[in-house]
Amino acid sequence: MLFLLDYSTFLINGFIITVEVTLIGVGLGLILGILAALGDIFGGRIIKIIVNVYVEFFRGSPLIVQLFIFYFTIPMITGIRMDVMLTAILTLALNSGAYQKGYLKGAMEAVFKDQLMAALSLGLPTWKIFLYVVVPQALRIVIPAWSNELASMGKSTTALIVIGVREFLNTGISITAQTFRPLETYAFITIVYFIWIYSMLKALDMLYNKIKIPGLEPVI
Amino acid sequence: MTSILECRELMKAYGKVIAVNNVSLGIGRGETKVIFGPSGSGKSTLLRCLGLLEKPTKGSVYFNGVDVYVSKQDLNKLRARIGFVFQEPSLFRHLTALGNIMLGLKHVSGLSDAEARRKAYEALKLVRMEDWVNYYPAQLSGGQQQRVGIARAISMDPEVVLFDEPTAALDVELKWEVISVMKDLADRGTTMLVATHELRFAKEVADEMIFMDQGQVLEVGSPDHFFTSPNTERARKFMAKILG
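Top to bottom, those sequences are chains A and B.
Here the numbering used here is used: the first residue of the first sequence is 1, the next is one more, and so on.
Here the numbering used here is used: the first residue of the second sequence is 1, the next is one more, and so on.
It is worth saying that the hints were derived from the structure and are not from the lab.
Any given hint might turn out to be false.
[Said to hold, decoys possible] Computed cross-link-like contacts, BS3-like style, restricted to lysine-lysine with a CA-CA straight-line distance of at most 25 angstroms:
(1) K212(A) - K106(B)
(2) K72(B) - K128(A)
(3) K113(A) - K175(B)
(4) K119(B) - K183(B)
(5) K77(B) - K106(B)
(6) K125(B) - K72(B)
(7) K128(A) - K77(B)
(8) K128(A) - K55(B)
(9) K16(B) - K113(A)
(10) K113(A) - K106(B)
(11) K119(B) - K128(A)
(12) K113(A) - K237(B)
(13) K128(A) - K113(A)
(14) K113(A) - K183(B)
(15) K119(B) - K106(B)
(16) K128(A) - K212(A)
[Said to hold, decoys possible] Output of the computed footprint for chain B on chain A, the stretches with three or more beta carbons under 8 angstroms from beta carbons of chain B:
(17) 117-131
(18) 135-148
(19) 205-216
[Unchecked claim] Distance windows between CB atoms, simulated:
(20) Q73(B) - A203(A): 22 to 30 angstroms
(21) D207(B) - I211(A): 30 to 38 angstroms
(22) K58(B) - I69(A): 49 to 57 angstroms
(23) Y69(B) - K212(A): 38 to 46 angstroms
(24) D67(B) - E20(A): 35 to 43 angstroms
(25) I46(A) - S71(B): 18 to 26 angstroms
(26) Y69(B) - K48(A): 26 to 34 angstroms
(27) L75(B) - K212(A): 47 to 55 angstroms
Cβ atoms here follow ideal geometry from the backbone N, Cα and C, with glycine treated the same way.
I would like the entire structure built from these sequences, with the hints used as guidance.
Okay, here's the thing in structure tokens:
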């Protein structure tokens, strides 16, 4: 595997891109997921329909197809082509947001109605109820499901290869094409993915244990 | 006596089901009134309307003589002046006993962290929960949770406190923990409107008892009146059933 040292800069850059798109994609997906969950819980009929069309589309179609649509189809229709990294992040965020909406909606609904009524009776306005009562409980409840999302998104970034993003797997493919040594290259790529994703899961596990509260365990 | 909180010809319907029908009552400063009646008689709905947690279908709610819905006052500000203790303790599960009380003090009353902490501690002391300040709701018994719920309501210095069957979900032993705290509050002159089946409590502290059935007030009178000679047959039967 020592020959890979010659490609270390190339590999590191690819790995940084993979980590970047994963974290930004999941982070933006969290914001989208929260908005979609709120829309589905509190929104009117039209908003609920929009949320459900969005969620069903992104959960019901392959990520690669979504990447093709955002990178090739939409620019053909609109005449506007986005940067490849921006397209990648946007698609991953929309995809992740659709999944996170499901976890978050369940977690928000797990904050029982009686607590919302109690908060209202104290005179808290709706936005403060959301900020100080719903979100702190929902986020704690959702962490285990959220770690699955992070692991899944980390692995899904390999699909970005179809629109030419120079992510980690893509660098491995390029190295293999130059060295004709797929066995060591892909073994190395696999090990790095495994260590990275395992570390993220462990970190989230530690975070969950640090902030968990008796009686506030996940119910979803 | 001028009422702090009052409703006139209040009606609340859920679709075709009328939960409260044409109820008028008021509570004056320092009074303790008890609403009692069979399950489904509309006690909780009436209290939620008076606590401004539900809007009546018809009729008016007055707070300090002002029609709440006609005057278009800020409901959140008014709610903060009306304490509410629920049937279930309804504590925020991510906060300790102290945190549950500090939340309203900080984010509604605008107290600093230190002030809110001091006031929350005092409220917990008043309900004899000062040794449990750092416990989460799941670590407390039902009676202890309910006492924290009472502390949370009174910590906001409300002008009136509404109790919606606060002992209904508790066993006999835990019930008396809560009732003794409520008796203390009544003795301190807290204005209280209490929906309860605890007639011993009513007899000891109520200035007036209100009997409800099928969404209506059937009879109003002193505890002595209800314990000796209720006017209506329905109230007589209910009293007999409760008192065994």
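*Quickly compare the C-alpha distance for K128(A) and K212(A) to 25 angstroms and report which way the hint goes.*
Answer holds: K128(A) to K212(A) is near 22 angstroms, not above 25 angstroms.
_Whether chain B covers the region 117-131 of chain A (at least 3 residues having a Cβ closer than 8 angstroms to its Cβ atoms)_ = holds (count 10)
*For the pair we were handed, K113(A) and K237(B), check the Cα-Cα distance against 25 angstroms.*
violated (35 angstroms)
*According to a criterion of three or more residues whose C-beta lies within less than 8 angstroms of a C-beta of chain B, is the region 205-216 of chain A covered?*
holds (count 4)
*30 to 38 angstroms as the expected CB spacing between I211(A) and D207(B), which holds or is violated*: violated (48 angstroms)
*Take a quick look at whether K125(B) and K72(B) sit within 25 angstroms of each other, Cα to Cα.*
Roughly 37 angstroms between the alpha carbons, so the hint for K125(B) and K72(B) is violated.
*Has the given pair, K128(A) with K113(A), been kept, meaning a C-alpha gap of at most 25 angstroms?*
holds (15 angstroms)
_Restraint status (C-alpha distance of K119(B) to K106(B) at most 25 angstroms)_ = holds (10 angstroms)
*Below or equal to 25 angstroms on CA atoms is what counts here, so check K128(A) against K77(B).*
holds (14 angstroms)
*Do the alpha carbons of K77(B) and K106(B) lie within 25 angstroms of each other, as the hint requires?*
holds (14 angstroms)
*Okay, Y69(B) versus K48(A) on CB: inside 26 to 34 angstroms?*
holds (29 angstroms)
_Check the hint pairing K113(A) with K106(B) against an upper bound of 25 angstroms on the C-alpha distance._
Holds, at roughly 22 angstroms.
Taken one by one, the earlier hints fail for this structure at numbers 6, 12, 14, 20, 21, 24, 25 and 27, listed in ascending order.
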